[in-house]
Amino acid sequence: MIRARVAAACFLLCGCATSSLVLLPDDEGHQGSVAVLEAGGRPAEAVIADGNSRTRLGDATPAPRPLGPNGLKKQEAALLSGLPPPPRSFILYFEQGTTTLTQQSSAVLPALRAEIARRSGPAIEVLGHTDTVGGADDNDRLSVQRAEEVLGWLASQGFDRSMMSAAGRGERELMQPTMDNVDNPANRRVEVIVR
Amino acid sequence: MLRVPFAIGLIALLTASPVAAEIARIKQSSGAASIERGAGRLRAAPGLVLLPGDRLVTGKDGRMSLTFIDNTRFAIGPNSRVSVSEFQYDRTRQKGSFLTRVDRGSLAIVSGKIAKSDRDAMKVRTPNSLLGVRGTKFIVEVPK
Numbered sequence: 221m222i223r224a225r226v227a228a229a230c231f232l233l234c235g236c237a238t239s240s241l242v243l244l245p246d247d248e249g250h251q252g253s254v255a256v257l258e259a260g261g262r263p264a265e266a267v268i269a270d271g272n273s274r275t276r277l278g279d280a281t282p283a284p285r286p287l288g289p290n291g292l293k294k295q296e297a298a299l300l301s302g303l304p305p306p307p308r309s310f311i312l313y314f315e316q317g318t319t320t321l322t323q324q325s326s327a328v329l330p331a332l333r334a335e336i337a338r339r340s341g342p343a344i345e346v347l348g349h350t351d352t353v354g355g356a357d358d359n360d361r362l363s364v365q366r367a368e369e370v371l372g373w374l375a376s377q378g379f380d381r382s383m384m385s386a387a388g389r390g391e392r393e394l395m396q397p398t399m400d401n402v403d404n405p406a407n408r409r410v411e412v413i414v415r
Numbered sequence: 023m024l025r026v027p028f029a030i031g032l033i034a035l036l037t038a039s040p041v042a043a044e045i046a047r048i049k050q051s052s053g054a055a056s057i058e059r060g061a062g063r064l065r066a067a068p069g070l071v072l073l074p075g076d077r078l079v080t081g082k083d084g085r086m087s088l089t090f091i092d093n094t095r096f097a098i099g100p101n102s103r104v105s106v107s108e109f110q111y112d113r114t115r116q117k118g119s120f121l122t123r124v125d126r127g128s129l130a131i132v133s134g135k136i137a138k139s140d141r142d143a144m145k146v147r148t149p150n151s152l153l154g155v156r157g158t159k160f161i162v163e164v165p166k
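Going down the list, the protein sequences come from chains R and Y.
According to the working numbering, the residues represented by the first sequence are 221 to 415, in order.
According to the working numbering, the residues represented by the second sequence are 23 to 166, in order.
FYI, nobody ran anything at the bench for these hints, they're computed from the structure.
Treat the hints loosely; a few may be bogus.
Claimed, not checked - Capping the alpha-carbon separation at 27 Å, the derived lysine-lysine pairs in DSSO-like fashion look like this:
#1 R:Lys-293 <-> Y:Lys-82
#2 R:Lys-293 <-> Y:Lys-117
#3 R:Lys-294 <-> Y:Lys-117
#4 R:Lys-293 <-> Y:Lys-166
#5 Y:Lys-82 <-> R:Lys-294
#6 Y:Lys-117 <-> Y:Lys-138
#7 Y:Lys-82 <-> Y:Lys-166
#8 Y:Lys-166 <-> Y:Lys-138
#9 Y:Lys-117 <-> Y:Lys-145
Full structure from sequences and hints, please.
In structure tokens:
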């Protein structure tokens, strides 16, 4: 008898201790969803889309329950507060045909430096672009040179090159689509993504 | 004479390859937190570069957080074992595939560009389920 009770208690405990999912809106307030593609080793086709819900995993037909007035458990709130900050992107603009930053973009550099400095374990991705003035090959070269200009500045500020990666995209990814050979200040840019 | 520059070239190639395969970086860690790579074990220090196949392991006081190159963000709680079984990302096309396995513990995820690129391009496997991530923020908990 006792053994049976222990076994039952054990089963109940294990039942409670099954995997679970807490679904939340993202930082911008959009609600995404999570599909259950397999449950208990079998293919499944269900979608969990209720924001601020808790769902036991393992059933082919999941039943999300609202988080309710108690909200998140303490350890869940602690986990969320440990998420890294979202990546932040900076756009720097250049004078026509050069690797010279516009005056306005030069003024952005201190904010860029501060953003990298405040992050723990930062990574920096630098992407160079041009407008459509000139040949495609020349613009590939120019976009790389613009990216290198920014890399050099970052290194001069004391950031280690091992945290940086760079690429030139030439005139392939225009911010403002134009015909060929169009002088366009918005397209002459370097995007710096700080993660 | 010709062998020396060749050897140097080879070393440069070998040391360059892990950088090319960078998938994420550790942002924060505390307590017992380490990365298992092959048969080795690395301390999960901020700035550490992660590679596909890495296993992220924490002890009872351990935590760590990381950001992937597609902007996906992870926070891992205590007593956890999480593996990045598959991670492929084409930065130019902003497409890829991403499979994470949560063997035990807790993992908070804010999905990034891979989850947006194609339906169920990002998946999370727990011992009793396989999830397809469709652009969101969520927590998966797997009790021991």
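- Message: What's the verdict on Lys-293 of chain R and Lys-82 of chain Y, does the C-alpha distance respect the 27 Å limit or exceed it?
- Response: Holds: Lys-293 of chain R and Lys-82 of chain Y sit about 18 Å apart, inside 27 Å.
- Would the pair Lys-82 of chain Y and Lys-166 of chain Y pass a check requiring their Cα atoms to be no farther apart than 27 Å? Holds, at roughly 12 Å.
- When you check the alpha-carbon spacing of Lys-166 of chain Y and Lys-138 of chain Y, does it fall within 27 Å? violated (31 Å)
- Query: Is Lys-117 of chain Y within 27 Å of Lys-138 of chain Y, Cα to Cα?
  - Reply: Distance ~8 Å between Lys-117 of chain Y and Lys-138 of chain Y Cα, so the pair holds.
- Sort out whether Lys-117 of chain Y lies within 27 Å of Lys-293 of chain R, counting only the CA atoms. Violated - the C-alpha atoms of Lys-117 of chain Y and Lys-293 of chain R are around 34 Å apart, more than 27 Å.
- Query: Taking only the CA atoms, is the gap from Lys-294 of chain R to Lys-117 of chain Y under or equal to 27 Å?
  - Reply: violated (35 Å)
- Query: Given the proposed pairing of Lys-82 of chain Y with Lys-294 of chain R, does the C-alpha separation stay at or below 27 Å?
  - Reply: Status holds; Cα separation ~16 Å.
- Given pair status - Lys-145 of chain Y, Lys-117 of chain Y, alpha carbons within 27 Å: holds (14 Å)
- Message: Next pair to validate is Lys-293 of chain R with Lys-166 of chain Y; report whether the Cα-Cα distance is within 27 Å.
- Response: holds (18 Å)
Going through the hint list in order, the structure does not satisfy hints 2, 3, 8.
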